[in-house]
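Respectively, the protein sequence lines represent chains E and A. If you use this note's numbering, the first sequence corresponds to residues 1 to 497, in order. If you use this note's numbering, the second sequence corresponds to residues 1 to 176, in order.
Do not take every clue at face value.
Short, incomplete list of chain E residues facing chain A, as computed with Cβ under 10 Å [stated by the list, open to error]: (1) Phe193; (2) Val196; (3) Met198; (4) Ile202; (5) Ile236; (6) Val237; (7) Lys458; (8) Ala478; (9) Thr482; (10) Ile483.
No lab work stands behind these hints: they were computed from the structure. We treat Cβ as the ideally placed atom computed from N, Cα and C, and that holds for glycine.
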Amino acid sequence: MMQALEYFLMSWTDPYLLFLTAAGTFAGIYIGAIPGLSVTMAVSILISFTFKWHVNEALTLISGIFLGGVYGGSRSAILLNIPGAPAAIATGLDGYPLAKRGEAGMAIGLTTVTSVIGGFMGIAALAVAAPALSEFALKFAPRDYLMLAIWGILLVGALSGGSLVKGIFAGALGVLISMVGLDPMTAEHRFTFGQVQMTAGISYVAAMIGFFGVAEVLVQLHELKTRAVRQDVSRIVPSWARVRKHLPLSMRASGIGVVVGALPGAGGDIAALMAYDHAKRSVKNPTRPFGQGAEEGLVAPESANNAAVGGAYIPMMTLGIPGDAVTAVIIGALYIHGLKPGPMLMIETPHLFWFIVGSLVLANCFLLIFGLTGIKLFAKIVETPKPILLPLILVLCAVGAYAINNNPVDVYWMLGFGIFGYFLKIYGFQVGPVILGMILGPLMDKSYRQAMISAEGKPAQFAAEFFTSPLSAVILAALLLTIFSQTVWWRRWRGTV
Amino acid sequence: MSAPPRPQEGGEPGPPRRLPGELAFCALLLGLSLFLLWQAYGISGFESLTSAGMFPMLATATMVVTGAVFVVQSLRRGPADSSGRGHWQSFVARVTPPIWFGFTLAVCLYMLALSRLGFVGASFLFLLLSMRLLGSRRWLLNAGVSAASLAAIYVVFQTIFSVVLPQGSWVQAVFR
């Protein structure tokens, strides 16, 4: 016990480790806030120059970047309606309307505090319930992942308040775009039209920058004469009463974040959407209607996506299975340092487990400090006159898309998706489901084929398995409820028509 | 510029009439979906339920069905309110006004110029000209903001993250 505590406190007591954790968290926030710079990219680059370091130093820096980066994505979502990462898509739904009202400071303050609460919940789950949660996550069959992915796409369509039919179309379009390239199982060409450049597929980051960044800039051209709203940054730290009011929702959303984060392949993006959906259904009297600046619409996704960080470490530490893309890279880092994540890691090197838990807690504390500072500077961004701001955002989008693979083709894709996204937005389509479809498409394709193979290619058996497994039946019921809740019959039953 | 068609973002109710060009856009999407369904069928046909083309066919079939639904929905909503203007003029005025068209053209030229003039040259020119196009008349301020922003982007991407930003074929030819 004392030994575990000693390792837990190691990064707190060693000045160099303390500095590395702080630097990682600070850098993570700003990397996460810049569209095109992903946490996965940052951690991958870090590994290239930390592989000669001591494992503890590398892990503290990576932990800080991971936690800071997941949080940082919310800043650009709130201020510019451009999510820095897919996990911040849900945050923009209510965050951006708040910035348009001049309440960006309050929104960022609340987001910071609830992200920290979510982060602590995730780490607590990692420390206390890692083995049990891992076993539960392993019970998910391919058909469950398929349904979970479909659910995630439907949620973003339904949650953003638009037409479900258009949401389904946009989700299917995203799935289709993700299929471009070589089939990972059979290497057959899909939608490549005989072009070699198309075999590598289309980067979802380029699409995300195009659909959210470029399309938003083009939409904003209609409102050039609108004066920028002055942001109130006089009170950034939310009052205790406000935090206490949202605490129960934050705790529930964190629970969702931990469980979804612990599912291999399902990260903070799905967790945030599910938490947002939960808030929309469970909060009877939000501060404002959802989609128009509800504080609850910030609290739920931000608690969930930071809780998902702790959740993602659970299968990584206990089973050696990555919870998301970043933990997949961290597994690579651990291998480079001669460690083998998985069941034996906890037995052979238990000190490492407690060291990581301690580093994450420390990074979360730094997140609170750095998250509540520098907001005035960030808020100035939205006060910049649009004729100056819009071209600058576009240059940032271009360089962000280029940075993915150092390839101008990604910039052309971004531009194409941006112009297409503009027309989608104008005609009332949601662009969120397209991105979710692109991210979850490969998982859906793989899960569908695995589930069909396990059903021996018999459609009747494939369908029956959704009902014979209790877990599958529960997820199917939730999925159907999401669809049904968007119909006119549901609204009539609830008396809202 | 005439009043913009407020894009239907989260929570806003749809207009009682369709917007100019909406029906054509929905019909285009439906046509694209049908073409992609045909392409998906061409991957491996119906040879197996686990073939490479099966999931793309499911996705495109979903697009065709939903595409058909919103074409019908769009037809039901009645024609766009053109306020006495022709349909094309109404589309140009409300969806692609001249400033939108000019800026989008500038963006396309910027993307093409990136590989020829390099990141710094193309971006500086784009920023300077597009800021003026959008109505910022203070050239010195525009130039200062452009230079400072490009310097910050250059340091973050090229120096810290080792992203090799486009050098520009014309620039390289001059300095070779």
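Hint check:
1. With its C-beta approaching chain A no nearer than about 8 Å, phenylalanine 193 of chain E sits inside the 10 Å limit, and its interface hint holds.
2. Taking 10 Å as the C-beta cut-off, the interface hint given for valine 196 of chain E is violated, the closest approach to chain A being about 18 Å.
3. Hint on methionine 198 of chain E is violated. Least Cβ distance to chain A is approximately 12 Å, over the 10 Å limit.
4. Taking 10 Å as the C-beta cut-off, the interface hint given for isoleucine 202 of chain E is violated, the closest approach to chain A being about 14 Å.
5. Violation of the interface hint for isoleucine 236 of chain E is found here, the shortest Cβ-Cβ separation to chain A being roughly 24 Å, above the 10 Å cut-off.
6. Checking valine 237 of chain E against chain A by beta carbon gives a least distance of about 28 Å; that is not within 10 Å, so the hint is violated.
7. Interface restraint check: lysine 458 of chain E against chain A, minimum CB-CB distance 9 Å, threshold 10 Å, status holds.
8. For alanine 478 of chain E, the interface hint is violated, since its Cβ never comes within 10 Å of a Cβ in chain A; the closest pair sits about 20 Å apart.
9. A hinted interface residue such as threonine 482 of chain E counts as satisfied when its beta carbon comes closer than 10 Å to some beta carbon of chain A; here the least separation is about 16 Å, so the hint is violated.
10. With a cut of 10 Å, the hint placing isoleucine 483 of chain E at the interface with chain A is violated, because the nearest CB-to-CB distance is about 13 Å.
Hint check: violations occur at hints 2, 3, 4, 5, 6, 8, 9 and 10; the rest are consistent with the structure.
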